[in-house]
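Engineer: Chains as they are written, first to last, in this note's numbering: chain S, 1 to 391; chain U, 1 to 336.
Any given hint might turn out to be false.
[Stated by the list, open to error] Just a few of them, taken from the derived set where beta-carbon distance is under 7 Å, the chain U residues facing chain S:
id : residue
1  : Thr224
2  : Ala225
3  : Asp298
4  : Asp313
5  : Leu314
[Stated by the list, open to error] Stretch-level coverage of chain S by chain U, calculated; a stretch enters the list once three of its residues show a Cβ under 8 Å from a Cβ in chain U:
id : segment
6  : 58 to 72
7  : 101 to 112
8  : 150 to 160
9  : 172 to 179
10 : 262 to 275
11 : 329 to 337
Just so you know, these hints were derived from the structure itself, not from any lab.
Ideal placement from N, C-alpha and C gives every residue a C-beta, glycine not left out.
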Amino acid sequence: MVTDDAGQGGTAAGQDNNAGHQGGAGHNMVQLITPAGERVSHPEYDPWVRDVSDEQLCSLYEDLVVIRRIDKEATALQRQGELGLWPPLLGQEASQVGSVRSLRDDDFIFPSYRENGVAYCRGVDLPDILRVWRGAASGGWDPYAVNMAIPQIVIGAQTLHATGYAMGIQNDGADSAAIVYFGDGATSEGDVNEAMVFAASFQVPLVFFCQNNHWAISEPVRLQSHTQLVDRGAGFGIPSMRVDGNDVLAVMAATRVALDRARRGGGPTFIEAVTYRMGPHTTADDPTRYRDPNELEDWAAKDPIGRVHALLDRKGLFTEEFEAGVRTKADAVARELRAGCVGMPDPEPLDVFKHVYSTPNSWLDRQQDHYSRYLASFGDPEGATQEEGAR
Amino acid sequence: MTQMTFARAINSGLRRSLDNDPKVLLMGEDIGTLGGVFRVTDGLQKDFGNHRVVDTPLAESGIVGTAVGLAYRGYRPVVEIQFDGFVYPAFDQIVSQVAKMHYRSRGAVKMPITIRIPFGGGIGSPEHHSESPEAYFAHTAGLRVVTPASPQDAHTMIQQAISCDDPVVFFEPKRRYHDKGEVDESLDPTSAPPMGQARVVTDGSDVTLVAYGPLVKTARDAATAAADEGVSVEVIDLRSLAPVDFATVEASVRKTGRLVITHEAGQSGGLGAEVAASITERCFYHLEAAPVRVTGFDVPYPYSRVEMHHLPDLDRILDGVDRALGRPNSLSGLEG
Ligand SMILES: Cc1ncc(C[n+]2csc(CCOP(=O)(O)OP(=O)(O)O)c2C)c(N)n1
Chain S
1 MVTDDAGQGG TAAGQDNNAG HQGGAGHNMV QLITPAGERV SHPEYDPWVR DVSDEQLCSL
61 YEDLVVIRRI DKEATALQRQ GELGLWPPLL GQEASQVGSV RSLRDDDFIF PSYRENGVAY
121 CRGVDLPDIL RVWRGAASGG WDPYAVNMAI PQIVIGAQTL HATGYAMGIQ NDGADSAAIV
181 YFGDGATSEG DVNEAMVFAA SFQVPLVFFC QNNHWAISEP VRLQSHTQLV DRGAGFGIPS
241 MRVDGNDVLA VMAATRVALD RARRGGGPTF IEAVTYRMGP HTTADDPTRY RDPNELEDWA
301 AKDPIGRVHA LLDRKGLFTE EFEAGVRTKA DAVARELRAG CVGMPDPEPL DVFKHVYSTP
361 NSWLDRQQDH YSRYLASFGD PEGATQEEGA R
Chain U
1 MTQMTFARAI NSGLRRSLDN DPKVLLMGED IGTLGGVFRV TDGLQKDFGN HRVVDTPLAE
61 SGIVGTAVGL AYRGYRPVVE IQFDGFVYPA FDQIVSQVAK MHYRSRGAVK MPITIRIPFG
121 GGIGSPEHHS ESPEAYFAHT AGLRVVTPAS PQDAHTMIQQ AISCDDPVVF FEPKRRYHDK
181 GEVDESLDPT SAPPMGQARV VTDGSDVTLV AYGPLVKTAR DAATAAADEG VSVEVIDLRS
241 LAPVDFATVE ASVRKTGRLV ITHEAGQSGG LGAEVAASIT ERCFYHLEAA PVRVTGFDVP
301 YPYSRVEMHH LPDLDRILDG VDRALGRPNS LSGLEG
């Protein structure tokens, strides 16, 4: 089924000057599961998810629920002072699960900071997901262990990295692909536009996966673009799709189409996943200052989890036993996440100097030497051992 | 006089500039409805409309580059870069265009652009949110670089920056945004000390301690602590980082014979190196010890659980003062 744009709306007071409507070519939005949980057919995209069995559908549901639980637990951990900050992905679970579950292990992922659901599905250790947000590291995990780059905070910078990585795949003659995640706001940055130029020119195996969650902190998507975001791709000569980002199957189908194109040498694809950020931008943000509560209500009705639940119900798959199993899993993950966070050892003072260079640097060595003497001058035996350990 | 926070003082200064000159306009990410992530522009869009207080697309090169065009057209844009670490996408426009346009056009084109950047650490933020990039800009000819350290200075200096015909990079010490102080909102910025002039914060006779931005408060606390030990520290708030008011520092060092400079930015190639070298040139025969730098380390700004080790604090500054005085300190027994 093809639906009309369900939600490019979003009005905020005081933004009238920026009211350029997202007119443009008016791409239709691919949807395979309606908000009411009805599986609707789509001749072009159905074949791409025909192999998704009932069992797999149940497992996708479990992912959605577990990720929401991770998000909730992390938000609670932030409120309790265990994390410095957390960027909730509430509402964006289907975009993340549908896309990442379409990848092969040898495909490489370049995330922004909000792809913590992607990280979970990719097998990143739970405490590692929190490490950066706890302020205990700058990068949470080993990218090569999971084929996923460390989180990127500088908006859009990762799109160029992904393009370069895909150039490397191409040079190597491999049939894997790269995927890069970014938000609607990011499409305004020069880097993202330059990435699309490079990707199209060199026809690299890359999927540009834009989660249009409608807001860049306080700025509505229409401030970033006078057309639908999906229309951006065309200008660069990049085939593009607009999918219901709250529909895990539609996202999966679109990502598979894009990956297939990449593997067959067909170059990059741009996917606009139309979704919604239900929570604040980060735990430091107050969306009531800029967002109409009615908008939130409208989107709650399109919840990504609710609709798979309804679909499974229709199929008679949502049994008590299944539900209990999912709950047990989510509980276990939340427990592990919390324990891993609270039990994470604090970094040592002299860790400040680690990993700046791969070989010794005389300027820095002198500063480290001086600082360890300084610490030792407090006569703190702990400081002294830390100093030894760092040598 | 009114008690107000540092952030509020800038807000009030921006309001006065918007009121006084129809050519002044504000641009940046989230500065309108939200009032900025630090609320520095709170309420301004509501009162001045969205052509004067403009929420821009998320594109820093775009923000500064369009400000250049607006300045060409006779406007006085005040742009906000949301955090220090996000100025780099605009770096090219700032150093290649904003800084050089007056020179390139042989004075025909003025670039009265104010670039507001919350900077520095100490607020427990993730990476890219706590940097001290001032030396890059101070090294760029054509730019004025300033940083206020008190609410009153914030209030007057933002107005002076906006009315200055040269581009001004205006660094706001973000960890001081909530600090309160007395502000005289009616003070005429043209009769106040110019933004290029350093300020003696506390008088002293034994050591000159130079600081700016977020560390002025720390330096003042260090001077108080030193006084308890019988050491008299003269604290100077640099206020302007380009050009530096060396005359004020020089006068102090001629009196004290000793110089300590502190900043959060890494040491090598930082402002401290410039002050130490220039003062050594000017006061070599008045110095009784080599100038001492107490700075951040030459490392990327560290994650929040160890940032307190990177940031100069009261004890590290006092240790630097001891070094300048030749008293027992962390380097005692070591050469140089
Ligand atoms: C270059 C840069 N500029 C500004 C910021 C501050 N900032 C962090 S997130 C954000 C909004 C991003 O919106 P969007 O790209 O839509 O992604 P979302 O947060 O909605 O996932 C901004 C402005 C930044 N991180 N990097």
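Engineer: All hints are to be evaluated individually against the structure, with a verdict given for each.
Structural biologist: Structure-based check of all given hints:
Hint on U/Thr224 is violated. Least Cβ distance to chain S is approximately 21 Å, over the 7 Å limit. At its closest, the beta carbon of U/Ala225 sits 15 Å from a beta carbon of chain S; the interface hint therefore is violated under the 7 Å criterion. Because the closest C-beta pair between U/Asp298 and chain S is about 5 Å apart, less than 7 Å, the hint holds. This hint is violated: U/Asp313 has a C-beta 11 Å from the nearest C-beta of chain S, more than the 7 Å allowed.
Because the smallest distance between the Cβ of U/Leu314 and any Cβ of chain S comes to about 13 Å, over 7 Å, the interface hint for this residue is violated. Given a C-beta distance limit of less than 8 Å, the hint that chain U covers the segment 58 to 72 of chain S is violated, as 0 residues qualify and 3 are needed. With 0 residues carrying a beta carbon less than 8 Å from a beta carbon of chain U, the segment 101 to 112 of chain S misses the three-residue requirement, and the given coverage is violated. Given as covered by chain U, the segment 150 to 160 of chain S passes the check, having 3 residues with a CB less than 8 Å from a CB of that chain where 3 are the minimum.
Given as covered by chain U, the segment 172 to 179 of chain S fails the check, having 0 residues with a CB less than 8 Å from a CB of that chain where 3 are the minimum. Note: the segment 262 to 275 of chain S has 0 residues with beta-carbon separation from chain U under 8 Å; the three-residue rule is not met and the coverage is violated. Residues of the segment 329 to 337 of chain S lying with their CB closer than 8 Å to a CB of chain U number 0, which falls below the three-residue condition for coverage.
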